[in-house]
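Asks: These protein sequence lines are chains F and X, in that order.
Each residue of the first sequence is one higher than the last, beginning at 5 in my numbering.
Each residue of the second sequence is one higher than the last, beginning at 5 in my numbering.
Do not rely on the hints blindly, as some may be mistaken.
One copy or two, either will do: identical chains are not told apart, so a pair holds if it fits within one copy or between any two.
Derived DSS-like pairs: lysine-lysine, alpha-carbon spacing no greater than 25 Å straight-line [stated by the list, open to error]:
1. Lys146 - Lys130
2. Lys130 - Lys208
3. Lys261 - Lys176
4. Lys97 - Lys208
5. Lys86 - Lys71
6. Lys261 - Lys208
7. Lys71 - Lys235
8. Lys261 - Lys86
9. Lys261 - Lys71
10. Lys71 - Lys112
11. Lys261 - Lys60
12. Lys115 - Lys71
13. Lys97 - Lys71
14. Lys115 - Lys86
15. Lys149 - Lys225
16. Lys60 - Lys112
17. Lys165 - Lys60
Honestly, the hints are just simulated from the structure, not real lab data.
Note that this is a predicted model, so its numbers are computed, not measured.
Below are the chains, spelled out letter by letter.
Protein chains: 2
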Amino acid sequence: MTTRRDFVKLAGVSALASIPLLQTQVAAKPFANVKRSFNIGIAGYTFLAYNNNIDKIIEVMNAIEVKNISLKNFQLPYESNKQQTDEVIGKFKAAGIVVYGLGVIYLKTEKEVDNAFSYAQLAGVKIIIAAPAYGVLSYVEKKAKEYNIKVAIHNHGPEDKLFPDIDKIFEKIQAMDPRMGICLDIGHSFRCGNDPAAMLLKYKDRIFDMHIKDVDSPVEKGNTVINGHGKMNFISFIKALDESGYSGTCSLEYEQKGDPGLGLAESVGHFRGMLTCAS
Amino acid sequence: MTTRRDFVKLAGVSALASIPLLQTQVAAKPFANVKRSFNIGIAGYTFLAYNNNIDKIIEVMNAIEVKNISLKNFQLPYESNKQQTDEVIGKFKAAGIVVYGLGVIYLKTEKEVDNAFSYAQLAGVKIIIAAPAYGVLSYVEKKAKEYNIKVAIHNHGPEDKLFPDIDKIFEKIQAMDPRMGICLDIGHSFRCGNDPAAMLLKYKDRIFDMHIKDVDSPVEKGNTVINGHGKMNFISFIKALDESGYSGTCSLEYEQKGDPGLGLAESVGHFRGMLTCAS
Numbered sequence: 005m006t007t008r009r010d011f012v013k014l015a016g017v018s019a020l021a022s023i024p025l026l027q028t029q030v031a032a033k034p035f036a037n038v039k040r041s042f043n044i045g046i047a048g049y050t051f052l053a054y055n056n057n058i059d060k061i062i063e064v065m066n067a068i069e070v071k072n073i074s075l076k077n078f079q080l081p082y083e084s085n086k087q088q089t090d091e092v093i094g095k096f097k098a099a100g101i102v103v104y105g106l107g108v109i110y111l112k113t114e115k116e117v118d119n120a121f122s123y124a125q126l127a128g129v130k131i132i133i134a135a136p137a138y139g140v141l142s143y144v145e146k147k148a149k150e151y152n153i154k155v156a157i158h159n160h161g162p163e164d165k166l167f168p169d170i171d172k173i174f175e176k177i178q179a180m181d182p183r184m185g186i187c188l189d190i191g192h193s194f195r196c197g198n199d200p201a202a203m204l205l206k207y208k209d210r211i212f213d214m215h216i217k218d219v220d221s222p223v224e225k226g227n228t229v230i231n232g233h234g235k236m237n238f239i240s241f242i243k244a245l246d247e248s249g250y251s252g253t254c255s256l257e258y259e260q261k262g263d264p265g266l267g268l269a270e271s272v273g274h275f276r277g278m279l280t281c282a283s
Numbered sequence: 005m006t007t008r009r010d011f012v013k014l015a016g017v018s019a020l021a022s023i024p025l026l027q028t029q030v031a032a033k034p035f036a037n038v039k040r041s042f043n044i045g046i047a048g049y050t051f052l053a054y055n056n057n058i059d060k061i062i063e064v065m066n067a068i069e070v071k072n073i074s075l076k077n078f079q080l081p082y083e084s085n086k087q088q089t090d091e092v093i094g095k096f097k098a099a100g101i102v103v104y105g106l107g108v109i110y111l112k113t114e115k116e117v118d119n120a121f122s123y124a125q126l127a128g129v130k131i132i133i134a135a136p137a138y139g140v141l142s143y144v145e146k147k148a149k150e151y152n153i154k155v156a157i158h159n160h161g162p163e164d165k166l167f168p169d170i171d172k173i174f175e176k177i178q179a180m181d182p183r184m185g186i187c188l189d190i191g192h193s194f195r196c197g198n199d200p201a202a203m204l205l206k207y208k209d210r211i212f213d214m215h216i217k218d219v220d221s222p223v224e225k226g227n228t229v230i231n232g233h234g235k236m237n238f239i240s241f242i243k244a245l246d247e248s249g250y251s252g253t254c255s256l257e258y259e260q261k262g263d264p265g266l267g268l269a270e271s272v273g274h275f276r277g278m279l280t281c282a283s
């Protein structure tokens, strides 16, 4: 990991211009060796345009060397039987990719909650990313304990009447079982006019998953863009990530029409570049 | 541009965890507004797998919003007439992309030098990236003055008997016309065991173009990899870029078999991410 000491050392670089060249270089450690407590992943919604083409998803993830994914139902349908589930999860596993979660899953009825937990159990994941109605929250909590599966409730921005940002999620779950938590979507938080870095630090103990993206303007009508093309302050966010001790997955989510490959790849590169030097 | 003051401000972020959340955020400026003296571009060799498919190249460059390219001869053949040249250059121009240079062009005979300069004049570029034999260097200089076109001689790594790194280029051109200069390929410099940041600062006055890439090991057999996946110290390199006042193009070059799109996009994102915070 690049340290502040490296920055201090850089101050001396200009002196090299007038003295004989050093014949050795200070090699940076590759990103794979950057010691951090969290993983980099992809939120399955990113691959909407690939529908259920798992091979294509794996091809892209292998090219950019990302090894964690949460799946949406168009990749693993809710009604999948054991054989169908094993086939999808197995394809990722054979490619060295971990399916760590499922979602976002909308939960309005107890029946939908029942289905979601059996679906997650069949897939062998330890976390559901969810958008539950207030009325089923207690039932979701009951099932989370019964299955020992964590629930990360997702904030969906100013238009979302239930959970626009994660303060509302925390308000609803703070007295519940510790398996009830938050998936912080930094783009939607930003569109609420909040600072995702501050939100992360305030609610860090209950944040189990994250959706990482950039947004072109911190307003309701802001659009998701490639990381670095928008106005997200990734320097302060990554500083907060490191301070928080977050140990879940930072799943990049790129929400554009058409093939997401290039935009996702640039976003992943940008995030890794920032991680290398923003701490 | 992110300043050191931003880093200092970050030291206070942790305090936010225990006080009410700020309801506004410090928005980062998008990369397009980062004030730097150089452009980001692509070295045409990157698109080898697309052969002469200019539309495909433009599609990728537009997706990642890179607006400068140097072309290889498989994109603009040496023997192109005016109409053919105008068609290729015009396609890029219509897409808002500037063809700023041509190369790498190998120059062994005076005839090849003549051809290269008329080719560059027809394309309307102001720079040729070249790999000349020692024997034609004086003739190249003569033509550079005659056409008022700059020549950036490219270092090709330890295997290159003529110009393994840019110290040899400088030795040969230092007494020549100031239009004779260097294209610093930081990957090949790194494979020579040198520090590209130091090379840049030492020879900055004669560096007209750059090829930016990462390499997995600072040895002759080192392989080009996606930026951030290798051992290039981009923090010190970008610090040197800023110190040097370099005002040419930083052209990313991604040299892998198969479709370069994803690797190039990740490399561009990584470079932009580093530029945002490494100064």
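Asks: One pair to classify: Lys261 and Lys60, alpha carbons no more than 25 Å apart. Within, between, both, or neither?
Replies: Answer is both: 16 Å inside a copy and 18 Å across each meet the 25 Å cutoff.
Asks: Evaluate Lys97 and Lys71 at a C-alpha cut-off of 25 Å and name the case that applies: within, between, both or neither.
Replies: Within one copy, since 10 Å is at most 25 Å while 39 Å is not.
Asks: Checking an output row: Lys71 and Lys112, CA cutoff 25 Å. Within, between, both or neither?
Replies: Answer is neither: 32 Å inside a copy and 48 Å across each miss the 25 Å cutoff.
Asks: Could you place Lys165 and Lys60 in one of the four classes (within, between, both, neither) given a Cα distance threshold of 25 Å?
Replies: neither (35 Å within a copy, 43 Å between copies)
Asks: When Cα atoms must be at most 25 Å apart, do Lys130 and Lys208 count as within-copy, between-copy, both, or neither?
Replies: Result: close within a single copy only, 19 Å intra versus 54 Å inter.
Asks: Is it within a copy, between copies, both, or neither that the alpha carbon of Lys261 lies no farther than 25 Å from that of Lys71?
Replies: both (24 Å within a copy, 22 Å between copies)
Asks: For the identical chains here, do Lys115 and Lys71 meet the 25 Å Cα criterion within one copy, between copies, both, or neither?
Replies: Close neither inside one copy (32 Å) nor across copies (53 Å); limit 25 Å.
Asks: Can you tell me if Lys261 and Lys208 fall within 25 Å by alpha carbon in one copy, between copies, both or neither?
Replies: neither (32 Å within a copy, 43 Å between copies)
Asks: With identical chains treated as interchangeable, where does the CA-CA distance between Lys71 and Lys235 reach 25 Å or less: within a copy, between copies, both, or neither?
Replies: Only across copies: Lys71 and Lys235 sit 21 Å apart there, 27 Å inside one copy, limit 25 Å.
Asks: Indicate which option fits the pair Lys261, Lys176 if close means a Cα-Cα distance not exceeding 25 Å: within, between, both or neither.
Replies: neither (34 Å within a copy, 52 Å between copies)
Asks: For Lys60 and Lys112, with the copy left unspecified, which applies at a CA distance of at most 25 Å: within, between, both, or neither?
Replies: neither (32 Å within a copy, 45 Å between copies)
Asks: Checking Lys261 and Lys86: alpha-carbon separation at most 25 Å within a copy, between copies, both or neither?
Replies: Answer is neither; intra-copy 32 Å and inter-copy 38 Å both fail.
Of the numbered hints listed earlier, those contradicted by the structure are 3, 4, 6, 8, 10, 12, 15, 16, 17.
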